[in-house]
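Trainee: Residue numbers (our numbering), protein chains in the order written: chain A, 26 to 221; chain W, 11 to 209; chain U, 1374 to 1548.
Read the hints as simulated data drawn from the structure, not as lab findings.
A hint or two may mislead.
Calculated cross-link-like contacts (lysine-lysine; reagent style DSS-like; alpha-carbon spacing at most 27 Å) [to be verified]:
| id | chain 1 | residue 1 | chain 2 | residue 2 |
| --- | --- | --- | --- | --- |
| 1 | A | 210 | A | 45 |
| 2 | W | 110 | U | 1384 |
| 3 | U | 1411 | A | 31 |
| 4 | A | 31 | W | 148 |
| 5 | U | 1391 | U | 1411 |
| 6 | W | 82 | U | 1392 |
| 7 | U | 1384 | W | 82 |
| 8 | U | 1391 | W | 110 |
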Amino acid sequence: MAARRKITLDRRKVVGQLLKDRGDLLLVTGLGAPTWDAAAVGDHPNNFYLWGGMGGAVLTGLGLALAQPKRRVLVMTGDGEMLMGVGGLATVAVQKPSNLAICIIDNQRYGETGMQETHTAHGVDLPAMAAGAGFQTALTVYTAKELSAAIPVLHSQPGPVFIDIKVTDSPQSMTLPPRDGPTLKHRFRENLLGQI
Amino acid sequence: MAVKSKTPYTLQRRKVVQRILEDRGDAAVVTGIGNAVHDVASANDDPKNMYLAGIMGGAAMVAFGVALAQPKRRILVITGDGELLAGIGSLATIGVEQPKNLSIIVIDNQAYGATGNQHTHTGRGVDLVGIAAASGFKKTALITTEAELEAELPRIHNQPGPYFAVVKVVSKTSPRINAPKDGTYVSRRFRAAVTGESA
Amino acid sequence: MATKKKTDWSKDVFKVLKKADVQQIAYVPDAGHTSLIKMAIADNAIKPVSLTSEQEGVAVLAGAWLGGEAGALLMQSSGVGNVINMLGMANECRFPLLMLVTMRGEWGEFNPWQVPMGQATESVLEASGVIVHRVDEPSEIAETVEAAAKLAFEGGRMVAVLIGQRVVGFKDWTK
Ligand SMILES: Cc1ncc(C[n+]2csc(CCOP(=O)(O)OP(=O)(O)O)c2C)c(N)n1
Ligand SMILES: [Mg+2]
């Protein structure tokens, strides 16, 4: 189980740093706060936001990574969303997509529904689960220094990589990206494929 | 893709389950769908067995519910690797709750034996023991030999849990036996046996 | 949407659950269930079980009943999509199953992604053999849950109480 360390990182700042030099990264976000974070630091046609489908973000990213082997794919989601589809880690590990990175914005809470504690608040160690599933790289980030080291891993180390970033549960302003599914889909495909 | 290459494992699932159940005492047993049902029914058809012949992914949580309701009794889950994988998040839920009287035994043939021996993830790098430990299971074991099985038996039955073991077995189809499959019958029989109330 | 109203029905529902001798409350959170979850955690006689996915809850409550206890499963309507296969067990074994479902994807919904599952919830449950009681009037929630609990635990059936989005409110809702 994960050692308890002090959690100080602010999720918005983390996501801002993560996406600052995103290049042609394709981003899939899990429902709830990770989606608002991505929108807050800058909406982008290469972002595909899930507004539902809880438990499905990692597998959406897997399908995309398999279809676009030359592009880096980042899945950014919450601890609660990840736990709901945690078997997906085994499925990803068996596929070994070298272009897929998974990043958990882990506030140990179901932020959207009233800040109830998730299992990560009680010792469940997601990176250790990912390692058990077969991820060669599975890390936990607590500090700004660890974050700086993790960013290149997320962007360019051969995947699949899994990084759990512990963030505080302080409330954030809400920035809502487009929520119409067909619009998001068309925008994403048009930018990626030149067709819808 | 069916499993063709032989795994290096030698334990026979029927014998393993038989051996575990010899020492069950008054434990209740919940089986997952698949060959585990037949393993348990052929070894020891006891009223304190709940055979799940459906709900792939649900065995551990059914047993967890029993463990909460019957805190003085040992509850054993005997299930397959595919079944466990289908509900793997349950390990985290159980790891958080820390039921002391629950043991999960995965009979791991690295295949979906009941549907034609297609590969499961466990033969391709997925380490269920590691995932259980990461989920907060206090005691875990990987069992590949008879000696290891003998050494783990006291822990399976008595170690304050939650306890989790994977037993690697040969991937060979064993005959199905006529396990009682009427859910209403099996569940009433089970409930009467563990609560002492009439069915 | 007045917060007070929300808390009030939760309190009454909790009393009803206690009276029905519910000892296990399994849940994946929903904002509409916030106070019920808090009460469950605060009550020493209740075993609250936080789940990774709603399907786990159907199985836990099957085990609870096998072991001689009664339970309830709390979720939002999207969670109904996760439980369908697991319901087969409760149906086949005629396990009592009480589900309290807060609705999304209907009255005043702002998130289009909630709409498909929200609109399908009632018919999908019914197609799976669940008896559905729907309630849209705050003052009727507790008595509906009481009737549902009786039907579940004494009548030996799967029963879902759908608590309309009109009751739980939609302002400031984001997920
Ligand atoms: C199947 C299903 N169950 C429950 C919900 C309700 N729900 C929406 S967001 C959310 C919490 C997500 O938590 P997490 O992924 O940790 O994100 P955070 O907001 O904490 O960053 C929940 C429970 C849902 N949308 N779908
Ligand atoms: Mg969270």
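Trainee: Tell me, which hint numbers fail for this structure?
Mentor: As far as the earlier hints go, 2 and 7 are violated by this structure, in ascending order.
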